[in-house]
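Since the structure of chain A is provided, determine the placement of chain B on it from the hints.
Protein sequences, first through last, are from chains A and B. Quick note on this note's numbering: the first sequence kicks off at 1 and runs consecutively. Quick note on this note's numbering: the second sequence kicks off at 1 and runs consecutively.
It is possible that part of the hints are untrue.
Where chains are identical, the list cannot tell them apart; a pair therefore holds if satisfied intra-copy or between any two copies.
Straight-line C-alpha distance at most 30 Å; calculated DSBU-like pairs for lysine-lysine [unchecked claim]: (1) Lys37 to Lys280; (2) Lys181 to Lys261; (3) Lys47 to Lys37; (4) Lys270 to Lys37; (5) Lys259 to Lys90; (6) Lys39 to Lys248; (7) Lys259 to Lys181; (8) Lys181 to Lys250; (9) Lys270 to Lys250; (10) Lys181 to Lys49; (11) Lys128 to Lys259; (12) Lys5 to Lys270; (13) Lys128 to Lys167; (14) Lys142 to Lys26.
None of these hints come from the bench; they were simulated from the model.
2 protein chains.
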Amino acid sequence: MKLKKDINILIIGLGIIGGSYAMALKKQGYYVSAITKEKSDIDYALKNKIIDYGTTEIEEDLIGNSDLVIFALYPGIFIGWLTEHQHLFKSGAILTDVTGVKSCIVHEIQSLLREDIEFIAAHPMAGKESSGVQNSDDSIFKGANYIIVPTDKNSESAIELCSDLGKILGFKDISVLSPEKHDEMIAFLSQLTHCIAVSLMCCSDGENLERYTGDSFRDLTRIARINDLMWSELFSLNKEALLSQMDKFKNSFDELYEKIKSDDIDGVRKMMRYSTERRKLFDKTN
Amino acid sequence: MKLKKDINILIIGLGIIGGSYAMALKKQGYYVSAITKEKSDIDYALKNKIIDYGTTEIEEDLIGNSDLVIFALYPGIFIGWLTEHQHLFKSGAILTDVTGVKSCIVHEIQSLLREDIEFIAAHPMAGKESSGVQNSDDSIFKGANYIIVPTDKNSESAIELCSDLGKILGFKDISVLSPEKHDEMIAFLSQLTHCIAVSLMCCSDGENLERYTGDSFRDLTRIARINDLMWSELFSLNKEALLSQMDKFKNSFDELYEKIKSDDIDGVRKMMRYSTERRKLFDKTN
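If we strip away everything but chain A, and leave its shape as in the complex, we get:
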């Protein structure tokens, strides 16, 4: 199932990700509407031609005429919104999302949803250290990963449509993962790295350190500038997987600590050589 040009797309939640989706889709000729909380965000998006139409109201006609609905809300309010308003969707509508954690929401949503509507979860692995529709920028999708997270309740055609959406948005790689595999991966690659950056930034209040800071420290702490509302919620929703990855890192860090402490230079070098070899896998290939 391809994303036809004449469909109506509705984005719920116009922050940086919702705005960047709208920007990319409108550039490709789609008609894009949005519902969001703040009037000023709608005004900004209309003025800057990010959307074709926008409102802060629950407009029944708008929702009832939408073929593809993209939820770009914080996970905590996403399920509440659906429960309250799902009776307004047209039969056959496809819903998708941009949420960074999956196990905790996908199954619940698929259970509560009307049978004639399909929710196919997706995670665009792209972002910035800024937030808000004013920072919308569809170039963040270039070279990034788009992950489709289906369950056995999803149809092949919805997976295909979601894949097409990822391509239209400009993502480089489109993959498919189960909710559990997704959450394990995201706990390691994204949440653990944010925990490390925050801990590093918090662990020393030394003065004037910034005068001597080089690229290593800057690179490790770039993501220490963090949206505390969103990330604390994501951590909490993926708590078990995250704590398990944090344990693994702690073990590895403790191992290195003990080797340095006991003057086990060979052991330290062995870890460094393993690290160097394994890092090569993660070089950008594009």
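Below, chain B without anything else, positioned relative to chain A:
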């Protein structure tokens, strides 16, 4: 004391840092010689006009005619080289270095050195993930910090000359720190960050993770590709300061871990807000 144009500069050890020094100095019109172990490195440097003259031998005339000698050797062999060959230096010669740790070498070198020669320690905070004279690149000094690390045995004029050298090499900021302050700072900003990157790279052998890797993980592990010979030596030489910084990080990481585990969302958000505020200090200003 300014670095006069007609002086003879000798670099001992032609790796990436020695080579990049030579490149920058020769571009500024200085006559630069080098002594290094491998004939092929001398050949490369001569062919690519990185140096004016080079040899793998301990040439007495060359050493005896050098006004400024820059040691770009691993710390472990640096002191041995000096002990063996210091009788060859001309009276009044100034020696400096590029070593990444200071307390463990500066005092020892200043004690063993002939009285008519001055050693002024310096640390160019610049580098790459690659090594060898073939990777020489004087652009790595642009925007970087150059730290002069004098003791009370150093003269004002040697500190001034060293500062002039940093400017000529193209460094953005030239600072002065005591050996102990330098080592504490480097343990935190540089060595701890490398320990974190290596531990993160070693802590999971999950397959196919590279397919989903975004910028966060890549940024945190860029320096996980590491020269194990050099860095294990630097860690070992700065062991106490490094272990102390690793302890601080462990405490901070454990604090975050416990807050996530006990669902203390407010506590997690508080750490994130502190981290976000403090990170602003470290933004590049140029």
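The hints, checked one at a time:
| no. | hint | result |
| --- | --- | --- |
| 1 | Lys37 to Lys280 | between (44 Å within a copy, 29 Å between copies) |
| 2 | Lys181 to Lys261 | between (36 Å within a copy, 21 Å between copies) |
| 3 | Lys47 to Lys37 | within (17 Å within a copy, 66 Å between copies) |
| 4 | Lys270 to Lys37 | between (54 Å within a copy, 26 Å between copies) |
| 5 | Lys259 to Lys90 | neither (62 Å within a copy, 43 Å between copies) |
| 6 | Lys39 to Lys248 | neither (45 Å within a copy, 45 Å between copies) |
| 7 | Lys259 to Lys181 | between (33 Å within a copy, 25 Å between copies) |
| 8 | Lys181 to Lys250 | both (21 Å within a copy, 28 Å between copies) |
| 9 | Lys270 to Lys250 | both (18 Å within a copy, 22 Å between copies) |
| 10 | Lys181 to Lys49 | neither (37 Å within a copy, 54 Å between copies) |
| 11 | Lys128 to Lys259 | between (37 Å within a copy, 25 Å between copies) |
| 12 | Lys5 to Lys270 | neither (55 Å within a copy, 45 Å between copies) |
| 13 | Lys128 to Lys167 | within (20 Å within a copy, 35 Å between copies) |
| 14 | Lys142 to Lys26 | within (16 Å within a copy, 41 Å between copies) |
Against the hints set out earlier in the document, violations occur for numbers 5, 6, 10, 12.
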